[in-house]
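**Q** Residues per chain are reported as follows:
Number of protein chains: 2
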Amino acid sequence: MLVIDGLGGVPHSDSGRTELETADTPNMDALARKSICGFSVPVLPGITPGSAPGHLSLFGYDPLSYLIGRGVLEAVGIDMEVCHGDVAARGNFCTVDKHGLITDRRAGRIDSQQAADLCRLLDGQTFEGVEFVVRPVREHRLVVLMRSSISLSDQVKDTDPQQTGVAPLSAVADCPQAEKTSVAINRFIEKASGVLADKTPANMILLRGFSSIPSIPSMQSIYQLNPVAIAAYPMYRGLARLVGMEVLPTGLSLGEEITTLENAFGGHDFFFLHVKGADSAGEDADFERKVSVIEEVDRFIPRILALKPDVLVIAGDHSTPAVIGGHSWHPVPLLLHSSYCRPDNTLSFSETSCLSGGLGTIPATSIMPLAMANAQKLGKYGA
Amino acid sequence: MLVIDGLGGVPHSDSGRTELETADTPNMDALARKSICGFSVPVLPGITPGSAPGHLSLFGYDPLSYLIGRGVLEAVGIDMEVCHGDVAARGNFCTVDKHGLITDRRAGRIDSQQAADLCRLLDGQTFEGVEFVVRPVREHRLVVLMRSSISLSDQVKDTDPQQTGVAPLSAVADCPQAEKTSVAINRFIEKASGVLADKTPANMILLRGFSSIPSIPSMQSIYQLNPVAIAAYPMYRGLARLVGMEVLPTGLSLGEEITTLENAFGGHDFFFLHVKGADSAGEDADFERKVSVIEEVDRFIPRILALKPDVLVIAGDHSTPAVIGGHSWHPVPLLLHSSYCRPDNTLSFSETSCLSGGLGTIPATSIMPLAMANAQKLGKYGA
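Residue numbers (our numbering), protein chains in the order written: chain A, 1 to 383; chain B, 1 to 383.
These are calculated hints, taken from the structure and not from any lab test.
There's no promise every hint is true.
Stated by the list, open to error - Covered, in the sense of this in silico footprint (three residues per stretch, anywhere, with C-beta under 8 Å from a C-beta of chain A), are these stretches of chain B:
id	stretch
1	128-137
2	313-325
3	354-367
Ideal placement from N, C-alpha and C gives every residue a C-beta, glycine not left out.
Start from the sequences, fold in the hints, and give me the full structure.
**A** Below you can see the structure in the form of structure tokens.
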């Protein structure tokens, strides 16, 4: 499963072509002619997914049932180990005035090194039997991970009011089971407020997205697979770990990812290979760069095909049209190749040709069952 | 509703055409031009259905809600009458060694006549108030039907361990209500073991798929129809009976089935006509024979149209591609003709042309509501 993050696009106003349609992709086009194509809908029509629901859906998990909170996502995104029972929160360093009212929710976007130094001041303290692990992300962003032998709950309201001119909120428990957790959080914040008092502009912190790892069945138990992930970015490695994939060490470039795939190919039966660049370019509204990333992926297709996978799926976790400059709700082009795929009349891999693809427009959660069927790894249902 | 069993195919590697695309079908092609076409998904994407879920879905029953067990299906498949409360099991004659360990799960596939003689030795006994009716199927296969005035339960585990080198399992109750049933089954098996002791290779039996008829609303009550089934093979007659259809006596050939249809046409308002040959050919991986069966069906289309049905549906219960040699998950070509069907641009009846059909790819459970609507037999929903 080759996931080109943010694959789907919207036509450029000059050319009337999307990024995928503009890109010169002879290898994917040739493959499309022997494959069955269509579109996947990550969540529901009109719904723009974040990275977590977009990927969970590709792995076959209903993204409406399995929710990964902001805190957990941020933590796995910096390669932190999150255990069942831990509660993670996304944090901001912020600026408060002498009355304690927020004047800047991002503390002037302080630089990463400065934030890392401040995180060290806050890290490793224990309140009410709860240990607080604090790690920097980038600029003003941090992760606060709570770990305890007492039972924690993530049912705690954000302390970030998402506006200036007001005071940070207290951490309020949403249910009685979260009382102890919220008391510990408030003590941690009170202490942080003192430690940071003279560190203006970063003289306070705001926390949001308190969350724990959901109870989620592993891909091993669902599919009887031995799955691995090859991803350059920590967030995708973290998501893969949450569903039970082994995460292989790899490099930052696509070439290094492909080499990792080649070396591991004999030892596993499911490979998630993640390509980040298309999404980043889309987010930057950089149409041409997204085209280039897609063209780079295309040049590696022969090396993937040379491995002779039983099934090859090329998909995206969502669309990231450069003309929008962010994730979008548009269905994502999808290609499935196998000996038994029943090829359609698709002549190229593009939004326009996928419209007449044999897969139609399907929920992304159907991709794994289809891939499993094409690998002849599913039994018959019913007598 | 003309059901061509196993209709859908996968392209032949030489021609790039499926069975339906290879077949010369001038009548279905002409009909397609006046019809609306598409695909039906029997269960869910990627899921390969057995015959029972495939047909239940065509009749409008959610195959995930209504389960027909192996035992019941095998019993109706040899035209046994199964009543509510009965428990049926599929059986194998098998071979055990002097230690009671299974050496051959199929007793050397003993011939049908020999198996029929052995079934007579086991038939008609009563244990713990439960009567055991034993009937041969073919070769080593048999059906054991339990009937009692006491309340039976099908929640009993298989005695067939599905492997050799181990002893047959006891019939274990999965719930307290199944205790009495399991005790009776174990006594029956113990007796059978004694009766068969000197009948090597068929010196033991294995039972699996204990099942009762599910509680299923009839097509009469759901659709207010007076439905009949015309099917040469007992299993399909049995399935039709389970949903309340009257089953008409008919011959083994398609010509005889069509004659039965013509004779009965005035007296009923829903006809399920089943064509088995396409599935059998697909199962045998015989591409050319499946093509021939489809061509034979095509030649009978004018006689069906001459009856001027309000609605004609041509469908399959699942795909059985000859290149796979078995049932598959592929969506099944679907055609619906009526005066009000809103014809699409389909120029022929084939997997390729159905891709652009006006029905799109729909759950097979939607076929009956669509057929009913086209027959103007459904009222308006809501004010």
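**Q** Against this structure, judge whether each hint is valid.
**A** For each hint, the structure was consulted:
For the stretch 128-137 of chain B, the stated coverage by chain A is violated: 0 residues have a C-beta nearer than 8 Å to a C-beta of that chain, whereas at least 3 were required. Residue count for the stretch 313-325 of chain B with a Cβ under 8 Å from a Cβ of chain A: 3. That meets the three needed, and the coverage hint holds. Counting residues of the stretch 354-367 of chain B whose CB lies closer than 8 Å to any CB of chain A gives 4, which reaches the minimum of 3, so the coverage claim holds.
The structure fails hint 1 only (numbered hints given earlier).
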